[in-house]
Structures are given as structure tokens and as C-alpha cells.
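Protein sequences, first through last, are from chains A and B. Here the numbering used here runs 81 ahead of the position in the first sequence, where the first position is 1. Here the numbering used here runs 81 ahead of the position in the second sequence, where the first position is 1.
No lab work stands behind these hints: they were computed from the structure. Ideal placement from N, C-alpha and C gives every residue a C-beta, glycine not left out. Treat the hints loosely; a few may be bogus.
Said to hold, decoys possible - Here are the simulated DMTMM-like pairs of lysine to aspartate or glutamate, each with C-alpha atoms no more than 25 Å apart in a straight line:
| no. | chain 1 | residue 1 | chain 2 | residue 2 |
| --- | --- | --- | --- | --- |
| 1 | B | K146 | A | D202 |
| 2 | B | K288 | B | E300 |
| 3 | A | K298 | A | D270 |
| 4 | A | K288 | A | D236 |
| 5 | B | K146 | A | E205 |
| 6 | B | K288 | B | D336 |
| 7 | A | K321 | A | E365 |
| 8 | A | K277 | A | E266 |
| 9 | B | K146 | B | E295 |
| 10 | A | K146 | B | E205 |
| 11 | A | K146 | B | D202 |
| 12 | A | K298 | A | E311 |
Stated by the list, open to error - Counterexamples of contact, computed for chain A against chain B with all Cβ distances above 12 Å:
| no. | residue |
| --- | --- |
| 13 | I161 |
| 14 | F183 |
| 15 | P291 |
Number of protein chains: 2
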Amino acid sequence: MRIAQVAPLCESVPPKLYGGTERVVSCLTDELVRLGHDVTLFASGDSVTSARLESICDQALRLNKEFSPHDAPVMTQLLIEQALGNGRHFDIIHSHLDHLGFPLARRNPTPTVTTFHGRLDLPELQPVFREYAEMPMVSISNAQRQPVSWANWQDTVYHGLPQDLYGLHSNSEGYLAFLGRIAPEKRPDHAIEIAKRVGIPLRIAAKVDPADQEYFKTEIEPLLFHPLVEYLGEITDEEKNDFLGHAMALVCPYDWPEPFGLVLIESLACGTPVLAYRRGSIPEIIEDGTTGFVCEGLGEMTAAVQRIPEIDRRRCRWAFEQRFSVARMAQDYLRVYEQAIGNVCERKEEAMGFVSTFSSST
Amino acid sequence: MRIAQVAPLCESVPPKLYGGTERVVSCLTDELVRLGHDVTLFASGDSVTSARLESICDQALRLNKEFSPHDAPVMTQLLIEQALGNGRHFDIIHSHLDHLGFPLARRNPTPTVTTFHGRLDLPELQPVFREYAEMPMVSISNAQRQPVSWANWQDTVYHGLPQDLYGLHSNSEGYLAFLGRIAPEKRPDHAIEIAKRVGIPLRIAAKVDPADQEYFKTEIEPLLFHPLVEYLGEITDEEKNDFLGHAMALVCPYDWPEPFGLVLIESLACGTPVLAYRRGSIPEIIEDGTTGFVCEGLGEMTAAVQRIPEIDRRRCRWAFEQRFSVARMAQDYLRVYEQAIGNVCERKEEAMGFVSTFSSST
Chain A
82 MRIAQVAPLC
92 ESVPPKLYGG
102 TERVVSCLTD
112 ELVRLGHDVT
122 LFASGDSVTS
132 ARLESICDQA
142 LRLNKEFSPH
152 DAPVMTQLLI
162 EQALGNGRHF
172 DIIHSHLDHL
182 GFPLARRNPT
192 PTVTTFHGRL
202 DLPELQPVFR
212 EYAEMPMVSI
222 SNAQRQPVSW
232 ANWQDTVYHG
242 LPQDLYGLHS
252 NSEGYLAFLG
262 RIAPEKRPDH
272 AIEIAKRVGI
282 PLRIAAKVDP
292 ADQEYFKTEI
302 EPLLFHPLVE
312 YLGEITDEEK
322 NDFLGHAMAL
332 VCPYDWPEPF
342 GLVLIESLAC
352 GTPVLAYRRG
362 SIPEIIEDGT
372 TGFVCEGLGE
382 MTAAVQRIPE
392 IDRRRCRWAF
402 EQRFSVARMA
412 QDYLRVYEQA
422 IGNVCERKEE
432 AMGFVSTFSS
442 ST
Chain B
82 MRIAQVAPLC
92 ESVPPKLYGG
102 TERVVSCLTD
112 ELVRLGHDVT
122 LFASGDSVTS
132 ARLESICDQA
142 LRLNKEFSPH
152 DAPVMTQLLI
162 EQALGNGRHF
172 DIIHSHLDHL
182 GFPLARRNPT
192 PTVTTFHGRL
202 DLPELQPVFR
212 EYAEMPMVSI
222 SNAQRQPVSW
232 ANWQDTVYHG
242 LPQDLYGLHS
252 NSEGYLAFLG
262 RIAPEKRPDH
272 AIEIAKRVGI
282 PLRIAAKVDP
292 ADQEYFKTEI
302 EPLLFHPLVE
312 YLGEITDEEK
322 NDFLGHAMAL
332 VCPYDWPEPF
342 GLVLIESLAC
352 GTPVLAYRRG
362 SIPEIIEDGT
372 TGFVCEGLGE
382 MTAAVQRIPE
392 IDRRRCRWAF
402 EQRFSVARMA
412 QDYLRVYEQA
422 IGNVCERKEE
432 AMGFVSTFSS
442 ST
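Turn these sequences into a full structure, and let the hints steer you where they fit.
Right, here's the structure in full:
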């Protein structure tokens, strides 16, 4: 199949540091190539891929110091023109640009499928989904699509990661892990409070965005001076395997409708169970009592720590292999692509009448 | 002619307060209606027009307190889809949305002309103009198009205003006027310095944007406590007529490549000469020695104040009527529209071959 993958220009593919969308696009693209498909990746020029790379800028935008934020809309407009607008013949275009690709996707004879990577509960998105109601869309969890459940959803495709990126760690080193961003909605304060209540060490590996510096300084930093709490800052991909793998459990007291938590499946890949609040996609990812515990709040999560030994770490790894492998993700997407191509062929036959009318009337 | 005018959603048409682009679109639209054309105006719902109004939002975005800046790209995408994307049959679409309308304009069989209202010397715009090199564009001064002189410019159309919006004031009340925004590139400090050097009162009618508050507080406010200087704050459209009309001259020591200074022609409409630095479009608007003085810098402008009596105020009004009336602007644009329609008809004939090829090959 001739497949175009269209990634945002914000981060390279894969990202140099953080960037969930670009990481998933990278895994999917390389797996599709491995399966023998003819894949073109539209992404920043510093991307690394086994597919054919097409790029309109040398460097991803966020970490490029020469880049002004005013450039982003211009660069994105050019990317969309290049990837979704020209006469190239792909069998399918897979856009990861949210609704921004819709205007040209609608006008492109090549079928285009869009995966939404963010939250969809923002009121300003409703008129966009109404306008482009015919666009085939993919959600990354069933919870994500709730606010616009009436849109043209083709399927939910959970993220997947390569089998060998992380390995099963059979024994933990007796600490709880918090991994990701320090931000109010991630409730790192709850993670710290739980560790103190149960008397088990907590290791925090997290970045602090400029927007969250104030929150970090005033709310979180004062909590870090405690013998049970260790703050490691931002860690690399290589360090993640052991950081997650040696933990008793990953603690995710996230208090917002997380559309998909990539870190949760990274933890499962290491064999490490997950404790998380029942929000957004969490209950779809974690099987309560089997790969971790889905909790209502702070009290319940504190109690759940005592039950971590009930969880079989091999079962966590097995769940990752069964449900969150890149192979499964690629198969799911190929099914979505075939479906979209089939639908467009049907529409093309209908449209033939329109085209002849157009050419005879002008 | 069936004409679509597409205005930005930032301000209503005409704007409630500031908003040069929306003011010009308003004047042009009403004049085209007066001339008997069938005009549709795409603009915010609080616009007031004699044309048919089509709107996707009730209120213009900038002054709407319920509006979040994140909505702007979404609303603009919907506006472009509505105005440039659907199958309506206009003879011509006139876009005032800069390059944002290009992707759908390129794919719309209706000819679309775009007027650029801002400065074009930003490097990130170059690849956009290269990509959409076939798009017919209109500049608002010859100076404006210098950085992209190779683009598909159809014409320069100077702004115009209705004859009766401002009237000739034959006698001045002996003060200099500064009107517009307090901002570093407008050099209000130079205006104040000139007034002090020549010993003539200066009246300042200007708004201060949030981004310029710091500059105002530290650089300008301390200069205002002087018997010759009077700061009036922001004034209404109604007050402008007398504020400009009673001035000896409008002082415009602008130190940036102004693409077109609407306030300069408002001043001429009142019969008030203009002193301005030789930057951007200024020498195209002001006839040196006839409707004002085009100066190289502070010293030359200070000297020019002594020569204001040489300028015949009736000659300023006459220049406005001849060169900057809305009637002249509308005629210029109608000529551009006819030219664009003609070009598209030629291209359509060529395209007929393409369409038949397309329908026979699918």
C-alpha cells in the first residue's frame, strides 16, 4: 500500500525529548515499512525514519532557537499543501495534524484518515467537526471521542510500541515511580502524599514546562525535601527502561481526561503495574486488579499500594504484548486504511456523474 | 458583478474602535453596493453593511470577552471554508485574509484576488509566496511589495475614504497633531521633541496597546508633563474630524516601513498637511512641498514646521479627493476584478482538456 504519514512539525519524528504524537508516528511508520508498505513520512528534516522522508523545514520547530512562534502557522500551511494538496498518488494519507488538514483533505481525491491525539472537550472544536462531518477520524481511546461522539469515527486505535523498546523486569526495587510532566492536572502532590502515607520511597522523573515553573516553585518544590522523595528531573529514553522497570508501581494520579497515557503502556512493557485515577482513557488501558488498580481518589490509591503484590508482573508485560504492541497498532490502522479506501471507491463511482456534468456544462 | 468581500474576524466591519483593514473593507463594500453590484460581505455578525452579510460568529473576536485566543485559528478556518470553499457562484472573491486564504482560493474555480494589508518584509512569508506564486495579489502601496516584488502583483490600489467622512477645515488652531498608537516605531518622542523645539503646542490622540504599556510608562509618560503637550487618550471617529481639521499639521515621525498610513489621508481629507519621515509608503502618499513635507529625520522635520504656511490646505483636500476617494478605490478594484476574471476564463479554456482527461481516465 502507498501510505503517507503526516506528522506535526513541532517535534522531529521520533522526538529528541518529549513528544507523544511524534513518537507514535515514528513507531507506526517504521512498522508499516517493515511490513513491506511503500511509506512516505512528511515531517521535519531532522527526523530519522526507514520511510521516504519529505520535509519543508530542516529542523523541528520547538527546539529550534532560530524559530519564531509566528512561523508555525505558515510552516503548517506549507506542510499541509505539500502533503495533502498535491497530485501525488498515495493510496491513503494518514494525517496527525488534527482538524488543520481537513480543508485540503476534503478536496483531495486520495482518501485521508485523521488521528486525533489531543483532548476533544473544547467547545470551539464542535463547529469544526460539524463542518467536516464526512472526514474519517480515528480516536486513541473511546473516552477521547465522548464530547464529539457523533463525528465520523472509524475506530479507536490504541497506541502501540515496539516489543524490544522496554523489557520485563521481574523484580522491583521497592519504590514508587512518577514519570512525565510536573503540572497541576498530573497531581504530583498526590503522588508525594501517597508515598508519605504508606512510607515507601517515591522517585520523580519529570520535566517542568516554562508555563508550570510557578506551580513547581510554589506547590511542589517545598514537598520534595523529604527523605522518602527523590526528584531526578528529566530523564532520557534509555534511562526510562530501568527507572520504570525497577519500580513497584507507576503512580498516575492524573486529574484530567487523559486521551491516552503513553507512559502507562511503557510501564506495562517493563512489567510494572500502574495505579491511576478513573479519568478519561485510564480504565481502557489498565485492567483493574490485573495490570494495576483504577482508583477513585487519594484514599483508594493509598490503600491500593498495599495490594501491589497481588499483581503478576509477567501479566503486565503480557497485556502490553497483546494489546499495546506496534504490530497490533499497525494492523488496526491498515484495517482503517482499507475501509477508507473502500468508501472512497464507492464515492468515486457516484461522483463520476458529477464530473461528466461539470465538464459538459463549462 | 457578483462580488464576495472576505474580512478578518478580528474586528467588526466597520470596526468599533481601531482596525484599518476592516475600515477599508467597509468603505469598499458599501461603495460597490452603491454602484449597483451584488455584494456579499463575509465578516463577524456585529458588522454593519449595505451588502448581504454572511457570518460564522456573532461578534468580532478582539473585543469579545468570551473569546479565547485559541479560537482564532479555528474560526478563521471556518470562515475560509465558508467564503472560499463552497460552491456558491460569485464572479469574483476579494480576500483580505493575507495568505491564509490561498489553499482554498487555489482550488476554487471562482477567481480570487487577495489584498495584503500588512508589512511583507518577514522572511517566513517568502516560501508562502513562492508556493502560491499564481495567486493574484494587490498591494496597498508600491513600497509594500518591495520584499516580494516578484510575486503575482496585479496592481497597487491605494486606500480610499468617503468624500463626506471628513471636511475641509480652512483655518488651523495653531497646534500640531499626533494620532494613532503609542508605540516605539511611531516615535511619539520625536513628535514631542519637535513641538518643544519650535514652541508650538502638540496634541496627542492615541491608544496604548497592552504590549506597549511598558514603553508608554517608562519612555513617553514622563515627557507629557510639559505646558506644550496635551495627551487626550483614545478619541472616537466623530472627534477625529475636528482634532485633525483644526491642526496646523499632522506629525508622523514613523520609523518603520508603513505599508499605508490611513491617518495620513484622513488628515488630507480635513485639509491638514502632513509631516512624515521618508519610510515605506510615505512618499507615495504625501507630495513633498504640496500636501506636506517628507523629511529624513528629526532636524529636517523641525525645520519643516516653519514652512507649513507654504502649504495650501485646499490643495490637501483636493489631493484627497483626486487620489484617495472611495470612488477611485472602487474603480481601481473593479478593474483588478475584471482582469482576474478574464485571466481565469482563459485558464478555464485550457483546463477543459484536463477535465475531460480526468473524467475519461477515472
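Hints, one by one, checked against the model:
no.	hint	in the structure
1	B/K146 with A/D202	holds (20 Å)
2	B/K288 with B/E300	holds (15 Å)
3	A/K298 with A/D270	holds (12 Å)
4	A/K288 with A/D236	violated (32 Å)
5	B/K146 with A/E205	holds (15 Å)
6	B/K288 with B/D336	holds (18 Å)
7	A/K321 with A/E365	holds (23 Å)
8	A/K277 with A/E266	holds (20 Å)
9	B/K146 with B/E295	holds (23 Å)
10	A/K146 with B/E205	holds (15 Å)
11	A/K146 with B/D202	holds (20 Å)
12	A/K298 with A/E311	holds (16 Å)
13	I161	violated (7 Å)
14	F183	violated (8 Å)
15	P291	holds (17 Å)
When each numbered hint is compared with the structure, violations occur for hints 4, 13, 14.
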